[in-house]
Amino acid sequence: MGEIAALRPREVVRQDVEAIAVIYRNLGAPVAEQMVTRALGELAITMAGIAEKVRGQDLKDLSRQLARLGRMAADLGLLTLATVAGDAKICLERADGTAFSAVWARLMRVAERSLTAEVSLMDQTF
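Those letters in the sequence shown? Residues 6 to 131, by my numbering.
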C-alpha cells in the first residue's frame, strides 16, 4: 500500500495519409503545403480556444466548436482526433460531466500527439 503508481496513458493516433496526399495531388506541392500548414494552425488555434473555454467553464457554444474541430481534423485525415472530438461533443450534449472530463483529458492527449505526428508526417512525406 506504500507505493503509488502514476498512470501515463499513451494515445495511439490514427491518420489517413491519403487525405493530405489528395490535397497535394490536386493543388501541387507549394500551394498544398501552404494550405495544410494554415489548416493545421487553424486546428491548433481552435483547440486552444476550446481549451480556454473548458478551463473557464464556459460551455455555451462548445458543442458547435467541438463539431467544427472534428470536421477540421477529419478533413486533414486526423481520424482519432475527429472521433474523440465527436465523443466529447456527445458527452457535453448529454450533460455527463464525469464522462466529459474523461473524454476531455483524452482529447487533450490526442490533440497533442496528432498535431505533432502531422507535422513530422509532412516533413517525411512531402
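Warning: the hint list may mix true and false statements.
Claimed, not checked - Each pair of labels, with its calculated beta carbon distance range: (1) Leu84 x Gly54: 33 to 41 angstroms; (2) Arg30 x Gly7: 26 to 34 angstroms; (3) Ala100 x Gly61: 39 to 47 angstroms; (4) Val17 x Asp80: 14 to 22 angstroms; (5) Lys65 x Val17: 27 to 35 angstroms; (6) Arg73 x Arg19: 15 to 23 angstroms; (7) Asn31 x Ala56: 27 to 35 angstroms; (8) Arg60 x Ala104: 17 to 25 angstroms; (9) Ala49 x Arg69: 15 to 23 angstroms; (10) Asp66 x Glu8: 27 to 35 angstroms.
Hints were generated in silico from the structure; no laboratory data involved.
Remember, it's a predicted structure, so these values are computed and weren't measured experimentally.
Idealized CB from N, CA, C, for every residue including glycine.
Okay, the hints, checked on the actual structure:
Checking the proposed 33 to 41 angstroms range against Leu84 and Gly54 shows it is violated: the Cβ atoms sit about 22 angstroms from each other. Distance hint for Arg30 and Gly7: a CB-CB separation of about 59 angstroms, inconsistent with the stated range 26 to 34 angstroms. Between Ala100 and Gly61 the beta carbon distance is about 18 angstroms. The supplied range of 39 to 47 angstroms is therefore violated. A hinted range of 14 to 22 angstroms for the beta carbons of Val17 and Asp80 is consistent with their spacing of about 21 angstroms.
Taking the beta carbon of each, Lys65 and Val17 are about 33 angstroms apart, inside 27 to 35 angstroms as hinted. Between Arg73 and Arg19 the C-beta distance comes to about 20 angstroms, which sits within the given range of 15 to 23 angstroms. For the pair Asn31 and Ala56, the beta carbons lie near 32 angstroms from each other, so the given range of 27 to 35 angstroms is met. A beta carbon spacing of about 18 angstroms between Arg60 and Ala104 agrees with the range 17 to 25 angstroms that was offered as a hint.
The given range of 15 to 23 angstroms is respected by Ala49 and Arg69, whose C-beta atoms sit roughly 18 angstroms from each other. Distance hint check for Asp66 and Glu8: the Cβ-Cβ separation is about 44 angstroms, which falls outside the suggested range of 27 to 35 angstroms.
Comparing the model with each numbered hint stated earlier shows that hints 1, 2, 3 and 10 do not hold.
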